[in-house]
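Student: Going by full-length UniProt numbering, the sequence shown opens with residue 1, and the numbers climb by one from there.
Calculated directly from the structure, the hints in this document are not laboratory data.
One or more of the hints may lead you astray.
[Unchecked claim] DSS-like mimics (lysine-lysine), calculated; alpha carbons at most 30 Å apart, straight line: (1) 230 to 155; (2) 245 to 230; (3) 184 to 230; (4) 212 to 230; (5) 230 to 250; (6) 245 to 42; (7) 230 to 109; (8) 212 to 245; (9) 94 to 154; (10) 266 to 155; (11) 155 to 42.
[To be verified] If you anchor each label on the Cβ, the simulated ranges turn out as follows: (12) 137 to 177: 26 to 34 Å; (13) 136 to 104: 18 to 26 Å; (14) 243 to 49: 39 to 47 Å; (15) 239 to 73: 46 to 54 Å; (16) 247 to 137: 19 to 27 Å; (17) 266 to 205: 17 to 25 Å.
None of the values given here were measured: they were computed from a predicted structure.
Ideal Cβ positions, reconstructed from N, Cα and C, are used throughout, including at glycine.
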Amino acid sequence: MGISFTVLSSGSTGNATVVRNGDTTLLIDAGLSARRIDELLKERDMSGEEIDGILVTHEHSDHIKGLGAVARKYNLPIYANEKTWEAINRSVGKIADENRIVLDSHEVKDFGTLRVEPFEISHDAAAPVGYCFYDGDEKLGVATDLGYVSDKVKKAIEGSDVLVLEANHDIEMLRMGRYPWNTKRRILGDMGHLSNVSAGDALSELLTGDTKRAYLAHLSRDHNMMDLAKMTVRDTMEDNGCFFKDSEFKLCDTYYDRSTPWDRLKD
Numbered sequence: 001m002g003i004s005f006t007v008l009s010s011g012s013t014g015n016a017t018v019v020r021n022g023d024t025t026l027l028i029d030a031g032l033s034a035r036r037i038d039e040l041l042k043e044r045d046m047s048g049e050e051i052d053g054i055l056v057t058h059e060h061s062d063h064i065k066g067l068g069a070v071a072r073k074y075n076l077p078i079y080a081n082e083k084t085w086e087a088i089n090r091s092v093g094k095i096a097d098e099n100r101i102v103l104d105s106h107e108v109k110d111f112g113t114l115r116v117e118p119f120e121i122s123h124d125a126a127a128p129v130g131y132c133f134y135d136g137d138e139k140l141g142v143a144t145d146l147g148y149v150s151d152k153v154k155k156a157i158e159g160s161d162v163l164v165l166e167a168n169h170d171i172e173m174l175r176m177g178r179y180p181w182n183t184k185r186r187i188l189g190d191m192g193h194l195s196n197v198s199a200g201d202a203l204s205e206l207l208t209g210d211t212k213r214a215y216l217a218h219l220s221r222d223h224n225m226m227d228l229a230k231m232t233v234r235d236t237m238e239d240n241g242c243f244f245k246d247s248e249f250k251l252c253d254t255y256y257d258r259s260t261p262w263d264r265l266k267d
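I would like the entire structure built from these sequences, with the hints used as guidance.
Tutor: Have a look at this one:
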């Protein structure tokens, strides 16, 4: 069957993604209410009963808002590294001991035939991570909420068939926006969020014949627009010498208010 996925929601109001293959279904983050996650799952013709576990990237509320409620409702194990567990303990509520599982930031774990590999990212959280997923020769890379794409991150996600990569803000929109300067400085910093230009620079280095699609994720509703993000990323890649047709490599949308269609990596 191979890997398929849907980004249920992406943005500052809540994040959740489903990744599955023939025998395992995993939820990455649960940053919306349990009710809303159920609604988004229904949009993709599935239910919470089909999920085998939840992977946590970090403890910010837009990634864990519904974590405890979803885990309790469907009796799901939660996988997070030790520092992230320490950060979410108070907010996640009562979780059965057998469902509190530590997954080290460098630990590769097999869920049946679906292999999961966390990798460290730079963000203002306790111990934030991204994830790569493998099934045979298929690879999906997911990296959002990172201030910059380090060499280690590039190494982790290179060779992905499909990438979900942050393109949080347009730099000038953010600089001219209503946020106080200390918030702007945090977002623009190395432990903040990836700009459209930075996403384009990263994709310029990562784009190989293996990578067919990149989903631009975690867009700011105040300081970005999807059309602008795609245009800036494409222009940046072309400035860096990467020229492509949509038939060769495609930039794809994510949404804060609805899910993306299922995407099979090898389609």
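Student: Taking 17 to 25 Å as the hint, is the beta-carbon distance of residue 266 and residue 205 inside that range?
Tutor: holds, 23 Å
Student: Next pair to validate is residue 230 with residue 109; report whether the Cα-Cα distance is within 30 Å.
Tutor: Cα-Cα ~33 Å, so violated.
Student: Taken at face value, is the distance from the CA of residue 230 to the CA of residue 245 at most 30 Å?
Tutor: The given pair, whose Cα atoms are some 14 Å apart, holds under the 30 Å limit.
Student: Please test the hint of 18 to 26 Å on the beta carbon pair from residue 136 and residue 104.
Tutor: holds, 24 Å
Student: Is the straight-line distance between the alpha-carbon of residue 155 and that of residue 42 30 Å or less?
Tutor: Status violated; Cα separation ~35 Å.
Student: CB of residue 137 to CB of residue 177, is that within 26 to 34 Å?
Tutor: violated, 43 Å
Student: With a cut-off of 30 Å on the C-alpha distance, tell me whether residue 245 and residue 42 pass.
Tutor: violated, 33 Å
Student: Decide if the proposed pair is consistent with the structure: residue 212 and residue 245, CA atoms, cutoff 30 Å inclusive.
Tutor: The hint holds at about 11 Å.
Student: Would you mind confirming whether the straight-line C-alpha gap from residue 212 to residue 230 stays at or under 30 Å?
Tutor: holds, 15 Å
Student: Are residue 230 and residue 250 close enough, with their CA atoms no more than 30 Å apart?
Tutor: holds, 10 Å
Student: Mind checking the hinted window 46 to 54 Å against the Cβ distance between residue 239 and residue 73?
Tutor: With a Cβ separation near 48 Å, residue 239 and residue 73 satisfy 46 to 54 Å, so the hint holds.
Student: Does residue 184 pair with residue 230 here, judged by a C-alpha cut-off of 30 Å?
Tutor: holds, 22 Å
Hint compliance for this structure: hints 6, 7, 9, 11 and 12 are not met, and every other hint is.
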